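K.L.:
Respectively, the protein sequence lines represent chains A and B.
Going left to right, the first sequence walks through residues 373 to 749 as our numbering numbers them.
Going left to right, the second sequence walks through residues 373 to 749 as our numbering numbers them.
By construction, these hints were calculated from the structure, which means they are not laboratory data.
Keep in mind that a hint or two might mislead.
One copy or any two copies: either way a pair holds, since identical chains are not told apart in the list.
What the hints assert, rightly or not - Straight-line distance between alpha carbons at most 25 Å, and here's what the computed DMTMM-like set of lysine to aspartate or glutamate pairs gives:
no.	residue 1	residue 2
1	Lys-599	Glu-408
2	Lys-583	Glu-470
3	Lys-392	Glu-489
4	Lys-414	Glu-672
5	Lys-414	Asp-486
6	Lys-583	Glu-458
7	Lys-462	Asp-593
8	Lys-414	Glu-628
9	Lys-685	Glu-489
10	Lys-584	Glu-470
11	Lys-699	Glu-549
12	Lys-584	Glu-384
Predicted model, so just to flag it, every value in this text is computed and none were measured.
Number of protein chains: 2
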Amino acid sequence: MLMIPGPTPVPEKVLLAMAKHPIGHRSSEFSQIIAETNAGLKWLFQTQNPVLALAASGTGTIEAAIINFLSAGDRVLVGNNGKFGERWAKIATAYGLEVQEITAEWGKPLNPDDFAEALEADTSKAIKAVIITHSETSTGVLNDLEAINKLVKAHGEALIIVDAVTSLGSYNIPVDEWGIDVIGSGSQKGFMLPPGLGFVAVGDRAWEAYKKATLPKFYLDLGTYRKSAEKDSTPFTPPVNLYFGMKVALEMMQAEGLESIFARHNRHKEATRAGMKALGLPLFAPDANASPAVTSVVPEGVGAKEICALMKKRFNIDLAGGQDHMKGKMFRMGHLGYVGDRDILCAISALEAVLSELGHQAPASGVAAVSERLQKG
Amino acid sequence: MLMIPGPTPVPEKVLLAMAKHPIGHRSSEFSQIIAETNAGLKWLFQTQNPVLALAASGTGTIEAAIINFLSAGDRVLVGNNGKFGERWAKIATAYGLEVQEITAEWGKPLNPDDFAEALEADTSKAIKAVIITHSETSTGVLNDLEAINKLVKAHGEALIIVDAVTSLGSYNIPVDEWGIDVIGSGSQKGFMLPPGLGFVAVGDRAWEAYKKATLPKFYLDLGTYRKSAEKDSTPFTPPVNLYFGMKVALEMMQAEGLESIFARHNRHKEATRAGMKALGLPLFAPDANASPAVTSVVPEGVGAKEICALMKKRFNIDLAGGQDHMKGKMFRMGHLGYVGDRDILCAISALEAVLSELGHQAPASGVAAVSERLQKG
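Looking at chain A on its own, in the form it has when it is part of the complex (with noise of 0.2 Å):
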């Protein structure tokens, strides 16, 4: 049982749809899925823009996202909350941005204000574009996009460009009338679908931007990304398998409709910190800015590796522990994509069942205080 942060659970029948043959990339047949999972993307990314499907993962497709808009000794200003935050910046570096981060401590949300004053002190306008982890996964913070975009957009010149690889599917990220410049994703996680696959939208700004862009680039190029899906095609051979389950995820996440998916995440994150803090288990991220896709604890008293342990030996269940300098002090448990309320209850009952185990006395129910929240639906 998977619970954590990606690769996430993916139902029976996608798993089915990706056992069947391959076939051909430039087929009529591909050329239909191909336009069926195009459209079932925009959808999902709220965009009138095509979605561009990358074989990558996330990594390499937020690379995508930061390299197509931008050329060498371009200022960009990026958020660094976590590892995610990190890595862009390393990435901008790599490619010779010039980085100005805004940073927070791991845990802490980034603070809108710090991108105000940046912001507003850059009356050059030398800042290209504001790299943002929308939902941090090493941390289990979640940003404040909307706050950080309209100050984006007061500045005027810069792009903003959204690591939302943890967020779409699970919170409500309206890319279109956000106004969202650059966004990207990866197929384990929101998706229900096993990795292999990155998404990016890109608007109407980003690809005047675009245009101007020096970085090197050809196999993360999204301008020939972007000439393929007009013809409902692809630059590059795509995992064609991956799509067989594309289709038919897509098909089920419209079945069940924007509002009930971001509905069930906040449920679960919901119920998932009532059943930490009942089992005396500190929340590492604040209630208003946790993430709808993993909730990071820190216990104190018991330790992380021993809880991930014993929740491996006892139940089979994966949770995930901390990254970088968290290693071995916090464990992650992941709630995002085709998860259902029994996951979350079985999750932390296993949790409530080791703790016990582990000599950890918890001051209350875990489960019914999961119980209690998801019955409020």
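With chain A's structure known, arrange chain B on it following the hints.
P.N.:
Coordinates of chain B only, in the frame set by chain A:
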């Protein structure tokens, strides 16, 4: 029935392995799969160096094979006698390398003498790499890698970077014995897998060059893949379900043995060519430089498009058309990966039936010619 040069047929047990539920990519269970597939890939590549696996198409993989070892302004000698050779020249140009091309007409092999001349003339050792497509999928030509590699070795400075996308696993390339510096391939070709993974083997000389190479990279930075591979891990989330399939596919290949695999591909290449000749269909590549993966035909008196359409309509067999200026003039039959004698016989017999329906007078029986060649083993 897929008779195109990729995606290629996939064994049922590989497909079923891929339909298993994803597991955590940082779990010990998955580490074990990485360890096993890494060992299998080394066997298949005939190398002691780690073979790095990337979530990318063949193009992304060869881009990595090029950009990790060079710096802007470096001169590279690129063999171009088809769509893929042309693409590697484009990538080199996009990254600001100084491209010197050795060309041959589509359908003709690259002439090793041209490489000898260019390399011998380079007394200042300005050429940092020779980039060559082994099996040119767009034309069905197999370039003489062994001869060109010897010339590169004689030059002393340049690395050889090989696109073996459709030759690795179908033709004997003793990577370490020949001292190939960098060689890349893709999962949907000789590996009996769907698309989604690319592979690169890198030798010691290339790793030395890597240290000084300054082209920007992050997702395609092979150094990070190498570090992770040493720990049976991956730097970014890998396509775990494709790994499940790869484990099974590599086991099947190891059971068959390298010699048998190469002999099978050679037999199928020769049987296909014998069948085409009997049917009066002109072959695009010469016998001495015919790809073991794909046979290109430029039919006369009957349209290539009509042949492909009728093969699909009557027998549901997918052939590939020509690319770029050969569009509509050529068809290509793949015989790569999980292909057996029956497939070749079946495809040629279907072609015989289709040609007859199109009013083409075949000088002899394609089936008889194929059967005769197959009997020789």
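K.L.:
When Cα atoms must be at most 25 Å apart, do Lys-599 and Glu-408 count as within-copy, between-copy, both, or neither?
P.N.:
Answer is within; shortest intra-copy Cα gap is 17 Å, inter-copy 39 Å.
K.L.:
Is the C-alpha distance from Lys-583 to Glu-470 at most 25 Å within one copy, between copies, in both cases, or in neither?
P.N.:
Classified as both: same-chain Cα gap 20 Å, cross-chain 23 Å, threshold 25 Å.
K.L.:
Which holds for Lys-699 with Glu-549 at a C-alpha limit of 25 Å: within a copy, between copies, both or neither?
P.N.:
neither (39 Å within a copy, 42 Å between copies)
K.L.:
Cα distance capped at 25 Å. Does Lys-414 pair with Asp-486 within a copy, between copies, both, or neither?
P.N.:
neither (32 Å within a copy, 50 Å between copies)
K.L.:
Is it within, between, both, or neither for Lys-414 and Glu-672, if the alpha carbons may be no more than 25 Å apart?
P.N.:
Answer is neither; intra-copy 44 Å and inter-copy 45 Å both fail.
K.L.:
From the Cα coordinates, with 25 Å as the cut-off, is the pair Lys-584 and Glu-384 best called within, between, both, or neither?
P.N.:
neither (45 Å within a copy, 48 Å between copies)
K.L.:
Can you give me the call for Lys-584 and Glu-470, within, between, both or neither, at a CA distance of at most 25 Å?
P.N.:
both (17 Å within a copy, 22 Å between copies)
K.L.:
At most 25 Å between CA atoms: does that hold for Lys-462 and Asp-593 within a copy, between copies, both, or neither?
P.N.:
both (19 Å within a copy, 12 Å between copies)
K.L.:
For the identical chains here, do Lys-414 and Glu-628 meet the 25 Å Cα criterion within one copy, between copies, both, or neither?
P.N.:
Answer is within; shortest intra-copy Cα gap is 16 Å, inter-copy 45 Å.
K.L.:
At 25 Å max between alpha carbons, let me know whether Lys-392 reaches Glu-489 within a copy, between copies, both or neither.
P.N.:
neither (53 Å within a copy, 50 Å between copies)
K.L.:
For the identical chains here, do Lys-685 and Glu-489 meet the 25 Å Cα criterion within one copy, between copies, both, or neither?
P.N.:
neither (49 Å within a copy, 65 Å between copies)
K.L.:
I want to check one pair: Lys-583 and Glu-458. Are their C-alpha atoms no more than 25 Å apart within a copy, between two copies, both, or neither?
P.N.:
between (27 Å within a copy, 23 Å between copies)
Of the numbered hints given earlier, the model fails hints 3, 4, 5, 9, 11 and 12; all others are met.
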